Amino acid sequence: MRRRIHPALVGFAALVFLFLLGPLVIILGASLSNTTYLAFPPEGLTLRWFENAFEISAFRRTMVTSFSLATLGTLLSLAIGIPAAYAMARYRWHLPRFLGNVFVLPVLVPEIVLGFALMKSVATGLDTPIYTTLLVGHALLVLPYCVRVVGASLAQFDFSVEEAAVSLGCPRWRAFFTVVLPNIRGGVIAAFVLAFITSLNDVSISIFLTGPGVSTLPIQLLAHMEQFFDPTIASVSVLLMFVTVVVMALVERTLGLTFLAR
Amino acid sequence: MTDRRLAWALATPALLLVALFLGLPILSTFGTTFTTDEGVFATYEAFFTSRFRRAVLWRTMEVALITTAISVVIGFVTAWVVARAPRNVKSLLIVAAVFPLLTGVVVRSFAWLVILGRNGILNGFLEGIGVIEEPLSMLYTQGAVIVAMVYLFVPLMILTLVGVLDSIPEDLTDAAASLGATPVATFRQVVLPMAVPGLIVGAVLVFTGSFTSYATPQLLGGERQMMMGTFLHQRAMVTFDWVGASTIAAIMVVVTLSTVYAMSRLAQRLNPVAG
Numbered sequence: 001m002r003r004r005i006h007p008a009l010v011g012f013a014a015l016v017f018l019f020l021l022g023p024l025v026i027i028l029g030a031s032l033s034n035t036t037y038l039a040f041p042p043e044g045l046t047l048r049w050f051e052n053a054f055e056i057s058a059f060r061r062t063m064v065t066s067f068s069l070a071t072l073g074t075l076l077s078l079a080i081g082i083p084a085a086y087a088m089a090r091y092r093w094h095l096p097r098f099l100g101n102v103f104v105l106p107v108l109v110p111e112i113v114l115g116f117a118l119m120k121s122v123a124t125g126l127d128t129p130i131y132t133t134l135l136v137g138h139a140l141l142v143l144p145y146c147v148r149v150v151g152a153s154l155a156q157f158d159f160s161v162e163e164a165a166v167s168l169g170c171p172r173w174r175a176f177f178t179v180v181l182p183n184i185r186g187g188v189i190a191a192f193v194l195a196f197i198t199s200l201n202d203v204s205i206s207i208f209l210t211g212p213g214v215s216t217l218p219i220q221l222l223a224h225m226e227q228f229f230d231p232t233i234a235s236v237s238v239l240l241m242f243v244t245v246v247v248m249a250l251v252e253r254t255l256g257l258t259f260l261a262r
Numbered sequence: 001m002t003d004r005r006l007a008w009a010l011a012t013p014a015l016l017l018v019a020l021f022l023g024l025p026i027l028s029t030f031g032t033t034f035t036t037d038e039g040v041f042a043t044y045e046a047f048f049t050s051r052f053r054r055a056v057l058w059r060t061m062e063v064a065l066i067t068t069a070i071s072v073v074i075g076f077v078t079a080w081v082v083a084r085a086p087r088n089v090k091s092l093l094i095v096a097a098v099f100p101l102l103t104g105v106v107v108r109s110f111a112w113l114v115i116l117g118r119n120g121i122l123n124g125f126l127e128g129i130g131v132i133e134e135p136l137s138m139l140y141t142q143g144a145v146i147v148a149m150v151y152l153f154v155p156l157m158i159l160t161l162v163g164v165l166d167s168i169p170e171d172l173t174d175a176a177a178s179l180g181a182t183p184v185a186t187f188r189q190v191v192l193p194m195a196v197p198g199l200i201v202g203a204v205l206v207f208t209g210s211f212t213s214y215a216t217p218q219l220l221g222g223e224r225q226m227m228m229g230t231f232l233h234q235r236a237m238v239t240f241d242w243v244g245a246s247t248i249a250a251i252m253v254v255v256t257l258s259t260v261y262a263m264s265r266l267a268q269r270l271n272p273v274a275g
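Protein chains in written order, with this note's numbering: chain A, 1 to 262; chain B, 1 to 275.
One thing to keep in mind: the hints can contain errors.
[Unchecked claim] Simulated pairs of lysine to aspartate or glutamate, EDC-like, Cα-Cα distance not exceeding 16 Å:
(1) B:90 / B:166
(2) B:90 / A:252
(3) A:120 / B:241
Because the hints were derived from the structure by calculation, they are not lab data.
Keep in mind that this is a model prediction, so the values were computed, not measured.
Bound-form chain B, shown alone (with noise of 0.2 Å):
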């Protein structure tokens, strides 16, 4: 066998399990959308002309936004904390990171539930200290997911920030310092552009997790913090709207895949090691 026939036969099987269980189911439920008998773009006029629709098309960009926002500064600063410490200290304090990261999404939502409702920890604790005199009722509100996401996909940041601070020679720091620089100016000046790229990285991966999330708006946001996700569940699986499902399944595609494009190209352009 030539080594060019070898080749296409050990990448086969992997091609076909995308081409036949990615490939074609995605393609066909795409297709769908655009075969209705109302038209071609039927199902997406209908999409962007109810109210309803577009509300959770937004809720959805604001909540990812606000959470990637919140999780790129949480997470540069820990991160560079992290990358700063001491070898033993460390390890110990990616292991306290990672460890959130394994757990699934399920375990750290309900940890949320626990502790966001109404006779939850936080509600006993301002009722012991004297805060409140009635719970309060914070679940199903946009900031229960905010802060529940956030929970989620700081670990990740943090993670991704660390391996980028950490080849960021301490030399240089020392250097922009004593070159007078004040240390504001060393962070803007040295760290921020040398991070940009892992900055981007995280910041992607945060945006469309979120933009794409399910079990958490499902458990903290409920029917009134309809998200994409949930949306697209319950088209498909209560009301059994499939055309429906199928054109906010496109039009998560298009905003993940397009957020994906444009923020690599946008890291590209940033790398100051590319120029």
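Excised from the complex, chain A in its bound form (with noise of 0.2 Å):
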């Protein structure tokens, strides 16, 4: 039998998603308005203010620069964080339990003085190249993704069909990319989506890192909109979250939605 829920509790909810989701079709709206200020509802269609977006240099670039930070910092983060969350998983006993809550200490310290520390110790006390600061960086912020998410499949994989591998004569390193590794392709995908877009759209440690020549599509977004009021901003918004789409078909695809409710 399903109880019946108070209207009055589905109107609240309701009004709830309209105050969430409102404000993004406001910005897709003036993304598309033909007129040189911010409008809603647009006045006129236009895709002139998209084209504006990729003319303009310093957001053709820091796309490019935003995309392959988040693209190698993950992957960097992903090498490192798959073989620890395994030894965790596989290996408990010989590691101490306070190891676990070393890996979550990027979500634990707040960003934004995370981002103050590195750029103190790191860019300006190392003089490292702005690049590979970021790089650094991002890896760091998204390590407890790539760890936790990780870890959380290889909590459900049965280690003895890996035993079984290795007993059969499979070498450890080969048992672990063709039995381990399809095993918990599920939670390495996750992590790698999770971990991308915390990246993709980091204010709080990239505001302390980026420098003259190198910045991200969020920190220069933040600059334009101090300087500039017009559609362009909206239309590189809703770039950003059309990457978002893409990203939740693909989790759709692989995992399905029940994943994101977790």
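Got two chains here, separate frames each, mind docking them using the hints?
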């Protein structure tokens, strides 16, 4: 038997979803408006603001930087996060328990503090190139997602399957790549997606680490907003939302959306 | 190689990343606040004796607490409706909550800039229907920051709570009802106690997230509504007062970590399963 929910609650929830999605619809509308100011509902339809977004070299450059940073940072983080998650799941008894907490430190420490500390000690202290510092910062930022999400996947994995492969003469490293990795594929994809999006949208770390010549898209957007207030910003925002849609479709295809409700 | 060695070898790269690029920089940042010429706690004394800096800290606390309170209420009611919705509607609603969450904070704050601005959509609408004659200045107020922060964090609260509320069997609330409990009593005595752990997790995420936020107060609060995040950035990058900035950083870390610690202790005590 299904109990009916009070209509007032349903109405309230409907308003909440309007509140959640309305502003994004407004951005979409404003990006299509054929006006030099942000208008909603749009007055006349045009795609020229999207063209404009690609014509402004600062946006073009930072788009490339942001995507390469998110991709490389996430891959780097997975490359060191997966072994760590594996070690903690497989050899739990040989490693101290606090190790799990160490790997989530990057989400516990406020991002803005981490950004400042990296700027002070690494970027300025060691005089590392801007892109390298950004890469390290982003890899660090997404490490908790990599370790935790892959770890959750590994917790479901029956290691006796791997044992079987090894006892039948398969080298350990090969057993990992041919037996373990295919079984935790879902977790790795999920970790990649979460980490990629987090890195792509990051402001608080990048704001300290970007410098002359190298910036990321969100930082460029912030800077642009302080000087101009035209629909170009809306169109770049829509492009970023489009990335989100692609990512969600990817999650839906590979893991199903139930994953998102955990 | 023994298992023990192998385990450490596999965990070491990740451990090094955290130790070298988080541990050392943060510790050195804290270190500089205690080693000024004026004395060990001089920078903290300066922080807490300055009316302006105290005001920034209290404003940040206030905004974070109000944001958390509003998000808990809105999130709880919405999550309840989502959790009890039919399957297909439910997954649609979850997508609708996840989508804003995956959209960047700059984009989401920008939306409120467009809505609340002087020539913004809300002013245009209110003028259009004749409620106001002069545009209201809503930007750069505490209200604007709070609205945008609630907007930022409600999806997180909804998603945290849907999972928890989903796990409360409907039989349980039906049983309470059939034993004569009013809906209010069922909510207070059955649903709420079971949802407490989720509520605490969600509240901690929202509080620490809004307490340490940067982009939203920067865009919607500006100089007038300086918060700890924007204050830290201003000290470090505009006035180049790195010791002052490190002091702000240390205070932020202490506040967030003690909140996380206290609330997780509270969650353990209130957990009905652990008794």
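Going straight from one Cα to the other, do residue 90 of chain B and residue 166 of chain B come out at no more than 16 Å?
-> Status holds; Cα separation ~11 Å.
Holds or violated: residue 90 of chain B with residue 252 of chain A, Cα cutoff 16 Å?
-> 15 Å, holds
Starting from residue 120 of chain A, check that the Cα of residue 241 of chain B is at most 16 Å away, please.
-> Within the cut-off at roughly 12 Å; holds.
Checked against the numbered hints given earlier, the structure satisfies every one of them.
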